[in-house]
Amino acid sequence: MQNFYERYKSHILLKEIGVTGHNHIKSSSVLIVGGGGLGSPLALYLAAAGVGNIGIIDFDIVDVSNLQRQILYNNNDVGKSKVEIAKERIEKLNSEVKVNAYNEKLTNINALNIFKNYSIVADASDNFQTRYLINDACVLNGIPDIWASVYRFEGQVSTFDAKKGACYRCFHPIAPEPDSVPSCGESGVIGAITGIIGSIQACEVLKIITGAGTPLIGRLLYFDSLNMTTKEFKIKKDKNCSLCGTNSSIKKLQNYDEFCQINKFSKNEITPDELKIKLKNKKKIKIIIICDKNEKQDLVFPNSFTVSLNNIMFLKDKLNINLETIFVCKYGYKSIYAIQLLKELGYKGKMYSLSGGTDKY
Amino acid sequence: MITIKLNGKDENVKENLSLLGLLEDKKIAPDTVIVALNMNVINQTELDKIFLSSGNSVEVLRFVAGG
Ligand SMILES: [Zn+2]
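Note that the protein sequences, when read in sequence, are chains A and B.
Be aware that the first sequence starts at 1, since it is given in this note's numbering, and climbs by one per residue.
Be aware that the second sequence starts at 1, since it is given in this note's numbering, and climbs by one per residue.
None of these hints come from the bench; they were simulated from the model.
Take the hints with a grain of salt, since some may be wrong.
[What the hints assert, rightly or not] The calculated EDC-like cross-link candidates involving lysine to aspartate or glutamate, where the alpha carbons are at most 20 Å apart (straight line), are:
| # | chain 1 | residue 1 | chain 2 | residue 2 |
| --- | --- | --- | --- | --- |
| 1 | B | 5 | A | 232 |
| 2 | B | 9 | A | 88 |
| 3 | A | 105 | A | 63 |
| 4 | A | 98 | A | 88 |
[Unchecked claim] Sample of chain A residues with no beta-carbon within 12 Å of chain B, all distances over it, derived:
| # | residue |
| --- | --- |
| 5 | 20 |
| 6 | 33 |
| 7 | 319 |
No residue lacks a Cβ here, since even glycine has one placed at the ideal position from N, Cα and C.
Let's have the full structure, built from the sequences with the hints guiding it.
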């Protein structure tokens, strides 16, 4: 008992935590996805705080270029499995912590099975596919996703908890192409920002566990270390969110590689000229005009009908799978979203979005 | 023309410009950014429905995944 108080007295002294809060921390289970720049401080601070069960999943090995920011590892670890080293390091720091090291890639096959053992997930991953996967698995399991990402001198943090506020899809429903946004390895990142942001994540995790203070639910914290400024933005829950909205269409995990590549021009977009040629050649196609009540749509297309964005999901059983479907909207943006949604719903027919929309037609 | 603040700096833009129109003028792909109007993140599907008025503050942050 003496030992326990000695070790954690600086937490126990905090009235927002105390002995009760510490006991909650001790009995909590937190999964960290990604053992990199964010995952390092996260794992170390959660272990130091005495989180009873820490899971860490990563399939990477330590590279010498990781040592600039990934403070879990040292010179002797290069070439070894990240999660194996992380487990050793955490157990050395605090032997009361039980560590589950998952030396594998998080996928739509293993995610729900792994997540069910944890009450909180911290997203310290490094790509969009994994980030959407984590969000979806968290919402489906009803647990919070403590999210953060870094770029150059900047960091962003939020707590996505669909029970109380926005999820990651409410925040950013349309995934960017995988190559449209550079990674830390490509664009560079200052090591210390991963330490700052990963530590904020650790703080959020401990607040959620103990109920202390106000978590970042429905808020985005933006940290610019180059000018040392912070900004805070509100994130609204989207009642039409395809995952956590009132008429959600996503009931199980998706194919995230496909989801993130859907915008690829070669695959799903059709230029105005290509559409004009198809129409001129009287090619059998169906045209869906996406237009909300308050919008004006002046162009008339043959063999077409108009739907609002909120009703796209009902097209799944109405479209003729043998016919090419062309989605048309004002700027060529909602049309991409419509295709994404129908693909998520499992529609297998050929779909194209008119690039640039009717604005450029 | 009207004056707005874009990432903290004054910017003159044409009237009746939507947030999506602003991104297009700046040649920014909407799926690669987070757009906030007066410190509220705007859903990507709403960008074409919201029109700028004088004095609005718009922040465009990069949507990133680095860890
Ligand atoms: Zn949502």
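Structure-based check of each hint:
Proximity of residue 5(B) to residue 232(A) is assessed by CA-CA distance (about 16 Å); at most 20 Å being required, the pair is judged to hold. Pair hint residue 9(B) plus residue 88(A) does not hold up; C-alpha atoms about 49 Å apart against a cutoff of 20 Å. For the hint linking residue 105(A) to residue 63(A), the alpha-carbon distance of about 17 Å falls within 20 Å, and the restraint holds. Under the criterion of a C-alpha separation no larger than 20 Å, the hint pairing residue 98(A) with residue 88(A) is consistent with the structure, at around 11 Å.
The Cβ of residue 20(A) sits about 32 Å from the closest Cβ of chain B, beyond the 12 Å cut-off, so the non-interface label holds. The non-interface label for residue 33(A) is inconsistent with chain B: the shortest C-beta to C-beta separation is roughly 9 Å, within 12 Å. Residue 319(A), annotated as away from the interface, keeps every beta carbon of chain B farther than 12 Å; the closest lies near 21 Å.
When each numbered hint is compared with the structure, violations occur for hints 2 and 6.
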